[in-house]
Amino acid sequence: MTHQLKDGGQVLNVGMLARVEGEGGMHIEIKDRKVVSVKLNIFEPPRFYEGFLRGRKYTEPPDITARICGICPVAYQSASTEAMETICGVTTTAEIQLMRRLLYCGEWIESHSLHIFMLHAPDFLGYDSVLEMAKDHADVVNMALRLKKAGNDVMELVGGRAIHPVNVKVGGFYRMPTLTELEGLKPDLERGLEDALAAVQLVSTFDFPEMEQDYNYVSLRHPDWYPLERGTEIVATSGVRFPVAQVGEHIKEFHVEHSNALHASFDGEKYFVGPLARYSLNFDQLSPRCQEAALKAGLGETCRNPFKSIIVRTVELAYAFEEALRIIDLWTDGHAPSVPVAPRAGEGIGASEAPRGTIWHRYKIDADGVILDAQIVPPTSQNQASIEADLRLAAEQWVDLDDHTLSHRCETAIRNYDPCISCATHFLDLRIKRS
Amino acid sequence: MKAPAMVIGLGSPDRGDDAVGAAVAERVRGVVGDGVEVLTREDPTALVHAWHGRHVVVLVDSMISGGVAAGTVTVRRAGTHDAPLPTYAFAAAGRGGSHAFGVAGAVELSRTLGTLPEHVAIVGIESTTFEHGPMSPKVEASIDDAVAAVCAELASAGIATKGSSTKGYEAGTCA
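Residue numbers (the numbering used here), protein chains in the order written: chain A, 1 to 435; chain B, 1001 to 1175.
One or more hints might be untrue.
[As the list claims (entries may be wrong)] With a straight-line cut-off of 30 Å between C-alpha atoms, the simulated DSS-like cross-links for lysine-lysine are: (1) A/K186 - B/K1002; (2) B/K1002 - A/K135; (3) A/K252 - A/K270; (4) A/K364 - A/K169; (5) A/K31 - A/K57; (6) A/K169 - A/K252.
[Said to hold, decoys possible] What follows is a list of derived Cβ distance ranges for each label pair: (7) B/V1068 - A/F242: 54 to 64 Å; (8) A/E253 - B/T1074: 41 to 51 Å; (9) A/G51 - B/A1069: 32 to 42 Å; (10) B/H1081 - A/H222: 49 to 59 Å; (11) A/A94 - B/H1081: 54 to 64 Å; (12) A/P340 - B/E1118: 51 to 61 Å.
If you're looking for bench data, these hints aren't it; they were derived computationally from the structure.
For each residue, glycine too, the CB sits at the ideal point set by N, CA and C.
Can you make the complete structure from the sequences, with help from the hints?
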């Protein structure tokens, strides 16, 4: 809806942005064909999880923080368990780490397949929703639902539930799945891997707007594998790298007036976390098969076009299937599900790679294991400045497009991030003001 | 071979009244025979394929329609011959992403993909709270009525049950 203002300017009120997780607003102001203001307004109400955690026991964050999000609960569980184990000086077994990685693969499969096909693909194929898209692309939607179910099944078996898993504890799991149970997942995972590899080629045929951003990419890094459930250090394309324990020295949260969510800076500058960063900083850790699929799809070893994030996510989707199968093939029964973790006073950080980017938790506990302080830094909060910068560039680059087309382009640019601006509410109000 | 009928309890067991769908389904499990498969699910996207190939499906979920007393049980038909449910993007109630992918989105996506059963009955229990914690007393007290409604829907579709002790229904008839 377009409104004429008294000063002769225009406000285009799109009213909502479907296919994102949460509620926020976007205000773009254009004067004389110049973009003068871009604001991502997140009016998601404060949910007080960090305050709520204070006074709770050190064993509780995996269950409490998993309820923050129905899409990426494992990210919260992984970061919180690692933080607590770090504080308590406990190292879990290799088998527990493998099972955590498998659980995380389930989350990546769930989240990536949902976003790629049901939230983002309609943008490129010209539909308002997956309901419309399904009329012409039933095979793709059926495939997406199969892929997502394969992820749900991993989450149910390893995590105890498809959403908000309950089998995770500080020190490991309450119960390990058996090899027989895990092998029951293999047929769907094998089919999922083939589907995902084919999907890499499919999404690579979409029409991508030309746009590149020179962000400082930031990601976890591990010497032995592509980062999912944990890493040993945080690396950036700026060349800065440091152990995870030092992340609080480089990443600072701050409040901006137009958003209820905290923004963040990396060494004082905006930065970018998420699949593009992960991929570009860890291409060498992808499997040969996924590397080949990525290159065949036209990606380089780095990717700086945010619209091509859908290709990168699909490569990561295939990788998650491949990893899940690899872990199941390695598995043997008889391993203890957890190691004991006794509390001790201290402060520690845990980090993992949520589907939409690096997430980290910092806790401080006393000698009895009571939480004195908690800090949770999710990826969408960290990416807010980058989202605004993308919108600014999009509005500048395509300023001559009509309002409807420009708005759609801007909405797609937001969805490039798969933002989880909620875990709370339901729409984004996008406004473009021209004068 | 698939059972011809399926009862699905939808919702999160953590979220107050959202737990009622699964609670009803578990109660129904004890009063139906081999011809009825009973599932609980949290993720509505799973419905689209889960019910494919069934003749009769009864879906149980919490609902807020507004202006109706908590615990009120209502039934809406949504099968292949019934009118489409209102949807915007993903859901009638929400305007968002997968967080708002609800029953209406699942039904209509399923209709488009050709997986929607001929007979789908949605048994809704009017709810009040979706915060972390237990069900509200009025919703918990409505479980018997909801079980009876599920049994009645199965019976009306010709699905025999092996017995029931639910309130207001004779044992052995369930409807």
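Going through the hints against the structure:
Proposed proximity of A/K186 and B/K1002 is supported: the alpha carbons are some 22 Å apart, at most 30 Å. At roughly 27 Å between alpha-carbon atoms, B/K1002 and A/K135 fall within 30 Å of each other, so this suggested pair holds. For a cut-off of 30 Å, the pair hint linking A/K252 to A/K270 stands: about 10 Å separates their Cα positions. For the hint linking A/K364 to A/K169, the alpha-carbon distance of about 18 Å falls within 30 Å, and the restraint holds.
Among the hinted pairs, A/K31 with A/K57 is inconsistent with the structure: their alpha-carbon atoms are about 54 Å apart, more than 30 Å. Taking the CA atoms of A/K169 and A/K252, the gap is about 29 Å. The hint holds against a cut of 30 Å. Range check, B/V1068 to A/F242: about 57 Å between beta-carbon atoms, so the 54 to 64 Å window is met. About 46 Å separates the C-beta atoms of A/E253 and B/T1074, a value consistent with the hinted range of 41 to 51 Å.
Between A/G51 and B/A1069, the C-beta spacing of about 35 Å keeps the proposed range 32 to 42 Å intact. Checking the proposed 49 to 59 Å range against B/H1081 and A/H222 shows it holds: the Cβ atoms sit about 55 Å from each other. Our hint of 54 to 64 Å for A/A94 and B/H1081 holds, since their Cβ atoms are close to 56 Å apart. For the pair A/P340 and B/E1118, the supplied restraint of 51 to 61 Å holds, since their beta-carbon distance comes to about 55 Å.
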